[in-house]
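Student: Below are the chains, spelled out letter by letter.
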Amino acid sequence: MLTHLRRSLVMAVGSVLLFGFAYAFAATGVAQLLFPYQASGSVGVNGSTLIGQNWSSPRWFHGRPDDTGPYAANRARNVSGGDNPLVANGVAGSSGATNLGPRSKTLLANTRALVAYWRHLGVVPTPDLVTTSGSGYDPDIAARDAIAQIPMVARATGLAPSRLRTLISRQTHPAQWGFLGSGYIDVLQLNEALARMES
Amino acid sequence: MGFFLTLVALVVTLAVTWRYLGSYMAAVFAGRVHFFAFVERPLYRLLGTDPTREQSWRRYGAAMIVFSGVSLVFTYAILRLQGSLPLNPQHLGAVSPALSFNTAVSFVTNTNWQNYAGETTMSYFSQIGALTVQQFVSPAVGIAVALVVVRGFSRRNAKTVGNFWVDITRCALYILLPVAFAFGLVFVAEGAVQTLGGPVNIHDVLNGVTQTIARGPIAFMESIKQFGTNGGGALNANSAAPFENPTGLTNFLSIYLLLAIPVALTYTFGKMVGSVRHGIALLSVMVLLFGALVGLTSYAEHQNNPAVAAAGVPSSIGNTEGKEVRFGDTSSALFAVASTSTSTGSSNSSYDSFTPLGGLGLLTGMMMGEVTPGGAGSGLYTLLLYAIIAVFIGGLMIGRTPEYLGKKIQSREVKLSGLGALVMPVVVLVLTALAVSLAAGRAGPLNAGPHGFTEILYSLTSQGNNNGSAMAGLSGNSPFYNVVGAIAMLLGRFAIIIPALALGGSLAAKDVVPESLGTFRTDNAMFVGLTVAVVVIIGGLTFFPAVSLGPVVEQLSHGRFFP
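Note that the protein sequences, when read in sequence, are chains A and B.
Mind the numbering: the first sequence is residues 1 to 199 in the working numbering, read in order.
Mind the numbering: the second sequence is residues 1001 to 1563 in the working numbering, read in order.
Hints listed in this document are in silico derivations from the structure and should not be mistaken for laboratory results.
Take these hints with a grain of salt, some might be off.
[Stated by the list, open to error] What follows is a set of in silico ranges between Cβ atoms, one per label pair, in the way DEER data are often shown:
#, chain 1, residue 1, chain 2, residue 2, range
1, B, Arg1442, A, Gly90, 31 to 37 Å
2, A, Thr166, B, Arg1442, 54 to 60 Å
3, A, Gly122, B, Val1430, 52 to 58 Å
4, B, Arg1560, A, Val87, 37 to 43 Å
5, A, Leu9, B, Val1536, 42 to 48 Å
6, A, Pro36, B, Met1526, 38 to 44 Å
7, A, Thr166, B, Phe1038, 57 to 63 Å
8, B, Tyr1020, A, Leu9, 49 to 55 Å
9, B, Leu1085, A, Gly90, 26 to 32 Å
10, B, Asn1201, A, Gly122, 33 to 39 Å
11, B, Pro1097, A, Thr166, 29 to 35 Å
We put the CB at the ideal spot given by N, CA and C, even for glycine.
Next comes chain A alone, as it looks inside the complex (with noise of 0.2 Å):
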């Protein structure tokens, strides 16, 4: 018995050593040599790519409503992170989905709500528009989604559909390797490539 707990302790201070510090700190450094933006989480001037945004004006293409804007019929209880990274406009949140489900009278008022804000903006909404993510900071959102918006941003900023229309496939992303999980519009992008348009 005691051998065991003699050989234990040693495994366990030498799983420690080896399986967490010599694993992860030669991880960090290889991963920061090679791709330091990557592991750094992909910055750039106006956020990361990677993380969703709460985009309120109708100059904007809106990300998914990922947060406890004007639209949640419920406003604190249930949508947890909502672009909301650790603190977002600052309020302190963490990563996570609603987890209400799919028979949930909560989850209908929700939904009812933000398809009037949409309609209120003019726009016809599309699944993702009125859904939150498994994230809650999903900095995407699919090409339908983004035509839907077209009248909204047309109207707010002046520039023609067409125009729009061109931006918009221009900034699609198809599946990868064309089939691994679906096509998607980096909504920071897209409002970047609007922003060097406009000017």
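Starting from the structure of chain A, add chain B where the hints point.
Tutor: Okay, now just chain B, sitting in the frame of chain A:
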């Protein structure tokens, strides 16, 4: 079409892995791989163990239990002391005692149930020194147990079953470490984060948004999290968070990694017992059941969410609530089934928001005892318990003494297998009944109605099977759920491991009887069908009443919504 190609790619890559990782693992366990000898040999010297000396199953099991106990204490201590330890850029305080206990049990038992949000609870020291360490060690322990059962069949008249210290060292060093490192780098290249630099502040001048973004040593935890069928990620959103799982490719690789070891171990098994056909038979059982679950859940998730449909938004892209755009409905469903059918439990979408039938598919994968294909090691040894029951039933049908791989299956083996197979349903159902009977248990669910019951059932099924995924609406960080969950995880792990080790020891001591014309074949389609039936009947019939109250009622309550 894209989903079809994804499935084809998965089958092809796993087939190659089955053959080559399978034979590589056999070589590692036989001691024929040495490239880390400069670490391995000094470690054995420090341990004071002679790698050529083996242990009886009792000593092997005692070493495993003591080591797991020490790992538990280490993990608990680090979490409790994290406020005074370095690598804590967010200055997070100590983790509470109940949560530390639950988390330590969770990671030591290869469950990785998480009652906390990683980015706001765990320092980098804890993520690296407490959690990632167990993500290497706990699958190694699981694989070691599977090895003992396999050696039971491959040896004859043997008193020993292997050396525990050598088995887990070789497994972690030669199998888990190199693969996790290589794939971790791929994850980083795709965009997963790996830094010790602390959170980053950003300000977007276009929309006036400021954010503080949590970062950390994420990517390389991600690779071992999947490959070791662990499932516990650095961030609360787990594999839905882009920093853990940034692209369609990393999503595919995650699915591939978490299936790789459980699938390849069937080849290792075949190789070690001298009949690859027997390995193929076990693999067929896994594939048939897994395929059925993928079919069910991906079909269900390709339907619109009932609440979204009721709000007047039609969907041709399935249930989007709780799913990420870059993955889509079917890839999310495939990930979810793979993660719940292995004992991984990582999640790239909100399983709570799955349609009732989609959630049923996930529950079923766990309720069948995690054998489709199950966790690293645990999948193989649990399926072997079922196979022995199948052999026993087959023997009864044809009226002969049952044999498996030339070993007579007698009363002791059948009792041990029966015990191992029954522990999980008993633990899950008794604890679920307890949770719904007590106010502390009923306080957990976020959703009302049948879905609330499903959340409770799911959480205890997940912990009793050492899976670790959650219908995360359940508030698990209460004293009740922390303690009850820890009990489920401990019983779900060790109350199955001990009969499995005893079985290995008992089989190893037997002689091999020569095959005759009357021997019940255990490597053909008939046997595969019988084993599938045993798995379905034990899982299906024991859980059918419970499932009827949850997802089945929910599916049938057309047009009704619950507060």
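Student: Are the hints correct? Go through all of them and say.
Tutor: Each hint tested on the structure:
1. Arg1442/B <-> Gly90/A: 31 to 37 Å: Given range 31 to 37 Å: holds, Cβ gap about 35 Å.
2. Thr166/A <-> Arg1442/B: 54 to 60 Å: holds (56 Å)
3. Gly122/A <-> Val1430/B: 52 to 58 Å: Check passed, 56 Å falls within 52 to 58 Å.
4. Arg1560/B <-> Val87/A: 37 to 43 Å: Since the Cβ atoms of arginine 1560/B and valine 87/A sit about 39 Å apart, the hinted range of 37 to 43 Å holds.
5. Leu9/A <-> Val1536/B: 42 to 48 Å: holds (44 Å)
6. Pro36/A <-> Met1526/B: 38 to 44 Å: violated (58 Å)
7. Thr166/A <-> Phe1038/B: 57 to 63 Å: holds (59 Å)
8. Tyr1020/B <-> Leu9/A: 49 to 55 Å: violated (36 Å)
9. Leu1085/B <-> Gly90/A: 26 to 32 Å: holds (29 Å)
10. Asn1201/B <-> Gly122/A: 33 to 39 Å: Check passed, 34 Å falls within 33 to 39 Å.
11. Pro1097/B <-> Thr166/A: 29 to 35 Å: Violated: the Cβ-Cβ distance is about 59 Å, outside 29 to 35 Å.
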